[in-house]
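K.L.:
Got chain A; can you put chain B on it based on the hints?
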Amino acid sequence: MNMMNRTLSRKLLRSMCGISNPRLSFAQSAVNTVQGQKELIKSRELEKDELRPLYMDFQATTPMDPRVLDAMLPFQVNYYGNPHSRTHAYGWESESAVEKARKQVADLIGADPREIVFTSGATESNNMSIKGVARFYKAKKNHIITTQTEHKCVLDSCRIMEAEGFDVTYLPVKNNGLIDLKQLEETIRPDTSLVSIMTVNNEIGVKQPIKEIGHLCRSKNVFFHTDAAQAVGKIPVNVNDWKVDLMSISGHKIYGPKGVGALYVKRRPRVRIEPLLNGGGQERGLRSGTVPTPLAVGFGAACEIAQQELEYDYKRVTVLANRLVQKIMSEIPDVVMNGDPDQRYPGCINLSFAYVEGESLLMALKDVALSSGSACTSASLEPSYVLRAIGADEDLAHSSIRFGIGRFTTEEEVDFTVEKCIQQVKRLREMSPLWEMVQEGIDIKSIKWTQH
Amino acid sequence: MAASTAVRAAVSFTQKFVRVSPDCSACPLYRLNLCTGATDGFTAPNRHLRTSIGVCQSADSSSPEEDERVVNVVYIDRSGQRIPVQARVGENVLYLAHKHGIELEGACEASLACSTCHVYVSSEHYEKLPEPEEREDDMLDMAPMLQENSRLGCQIILTPELDGMELTLPKVTRNFYVDGHVPKPH
Chain A
1 MNMMNRTLSR KLLRSMCGIS NPRLSFAQSA VNTVQGQKEL IKSRELEKDE LRPLYMDFQA
61 TTPMDPRVLD AMLPFQVNYY GNPHSRTHAY GWESESAVEK ARKQVADLIG ADPREIVFTS
121 GATESNNMSI KGVARFYKAK KNHIITTQTE HKCVLDSCRI MEAEGFDVTY LPVKNNGLID
181 LKQLEETIRP DTSLVSIMTV NNEIGVKQPI KEIGHLCRSK NVFFHTDAAQ AVGKIPVNVN
241 DWKVDLMSIS GHKIYGPKGV GALYVKRRPR VRIEPLLNGG GQERGLRSGT VPTPLAVGFG
301 AACEIAQQEL EYDYKRVTVL ANRLVQKIMS EIPDVVMNGD PDQRYPGCIN LSFAYVEGES
361 LLMALKDVAL SSGSACTSAS LEPSYVLRAI GADEDLAHSS IRFGIGRFTT EEEVDFTVEK
421 CIQQVKRLRE MSPLWEMVQE GIDIKSIKWT QH
Chain B
1 MAASTAVRAA VSFTQKFVRV SPDCSACPLY RLNLCTGATD GFTAPNRHLR TSIGVCQSAD
61 SSSPEEDERV VNVVYIDRSG QRIPVQARVG ENVLYLAHKH GIELEGACEA SLACSTCHVY
121 VSSEHYEKLP EPEEREDDML DMAPMLQENS RLGCQIILTP ELDGMELTLP KVTRNFYVDG
181 HVPKPH
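In the order they appear, the protein sequences are chains A and B.
Numbers 1 to 452, taken from UniProt numbering, label the letters of the first sequence in order.
Numbers 1 to 186, taken from UniProt numbering, label the letters of the second sequence in order.
If you're looking for bench data, these hints aren't it; they were derived computationally from the structure.
Be aware that one or more of the hints could be misleading.
Pairwise CB distance ranges (calculated) [to be verified]:
1) A:V319 / B:D137: 46 to 54 Å
2) B:D137 / A:P53: 47 to 55 Å
3) B:G164 / A:P190: 48 to 56 Å
4) B:P183 / A:R135: 23 to 31 Å
The structure displayed is predicted, hence computed values, not measured ones.
Even for Gly, the Cβ is constructed at its ideal location relative to N, Cα and C.
Chain A with its partners taken away, still in its complex shape (with noise of 0.2 Å):
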């Protein structure tokens, strides 16, 4: 295999002769080093027969339903025309295919279809309301109130507006996970522009009560969007019920394709953004740049099939994730559930094992897919944030892992990750000796640790 490599590598220099010698030699080079370092780390392939772990982490992405992808294949090779071409067939019948995909988003959350702007995904939605919103209403207004439990891209957008000299207020939340409205009510000023609360935690999985905040938004004449990621497709959403204003929405968590998203801009009243992508003006001059059919008409086909399918999800998910939450914890002492009990999405659960490192019991179970926090904050070594606001104490926070269940998980998944989970953690519990002084009655908050 690596002799073909290398042999294949010589042959595309040769053919690359045409251009300067400098540029050979170092494509030469850098080919060289890359084969000597790919001897040095192994990559580890599965075995013969070792089946690949099960998945539960829907919050960090969910895998395409075939339907969709149905929906999609005519789009990337038969009928590939640019949307915005005006003159031609192919132009017209992409964008009637995109006007639809229009209408099945909007359906899905209860709101006009003149009123969707496709995007890249929910980080760009969220960057757009924020940075959209305050910018446009700077002159007045300079105020934005936001919460310690969001997003990363929201949280980010929201620093990046402090340092253009906007005025940021971070709600601390309740034990549970969600805010307190009267809280909220206080923290509004005259001079606040945007208020930025998510839908349902991707973290914790707790649902915020977002049609108390978006009424007491609009008697206040203040803009309300909601990240609504996590929630769309999952729970009932409505836009004009719940007043809200901007809403962010993400093609690859309701079984859609990765790489699209949506935002929802009201129109009565209007709400007006400065955009972040300048160019030819295309969805409303809010978002330049082709709209892309395929992955448009993907997330269509996604959020009818979602708004079809939501009741009997929402159903079968919540009993698969009161299986897994009563067998672990009748199994096990000391395991904490971060968030709500009631005011939730069953779908996703965060656990915390007490007096074991989260870390190593995801290695433990490195038959089903997992995580420990979000995605995003897996490559940085915090404990999560979010945690860290509901109050959870640091050695919990080290010890959480989030359980995600959807639309493809069955029962026996659950079944093999209870069990495999409980057997774990007994294991890791049984070598730790901070159980040990538990079990002999020492109180583990009376200690005070050396440094080395």
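P.N.:
Then chain B, alone, in the frame of chain A:
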């Protein structure tokens, strides 16, 4: 009906080629007191006008009733130059600009199909304008460099309370004239 169309055609025809302000005393409609005084400058009259009389306008009139109908408006063009303009009640901001050679392009001729006549209205007068209709808002969405006090110039009809209004032209429109090209008014 035919007579009025003929008069309108004649007057606008003359204006296109001769470029003089029309002399109302020569117009049969003025003499017959059928002139509504709705003034649009040189271009085709606003489609929403009920009687298609069109373009009767007096250059230097000094009758007392007409002083009340004078509205002073200031245009601030792209280079920052202030151009004060005297106008009449009922005049359209877009055609007023054309009449005075201000570079406000109205590509769709006031039919709410573009955003090239986008202007910033001085904040004190912004509130005095009527609420934009949905079609205007839709077109305004497409205009680059939108601000809170943005409106489409072709939809602003002057009223006495808009006296002293300042209209600033934005630096760019949706049409890309990066080469410095200035479109001629239609």
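K.L.:
Quick check: does the Cβ-Cβ distance between V319 (chain A) and D137 (chain B) fall within 46 to 54 Å?
P.N.:
holds, 47 Å
K.L.:
Could one say that the CB atoms of P183 (chain B) and R135 (chain A) fall in the range 23 to 31 Å?
P.N.:
holds, 30 Å
K.L.:
Do G164 (chain B) and P190 (chain A) keep their Cβ atoms within the hinted range of 48 to 56 Å?
P.N.:
violated, 28 Å
K.L.:
Holds or violated: 47 to 55 Å for the Cβ distance of D137 (chain B) and P53 (chain A)?
P.N.:
Given a distance of about 52 Å, which is inside 47 to 55 Å, the answer is holds.
Comparing the model with each numbered hint stated earlier shows that hint 3 is the single one that does not hold.
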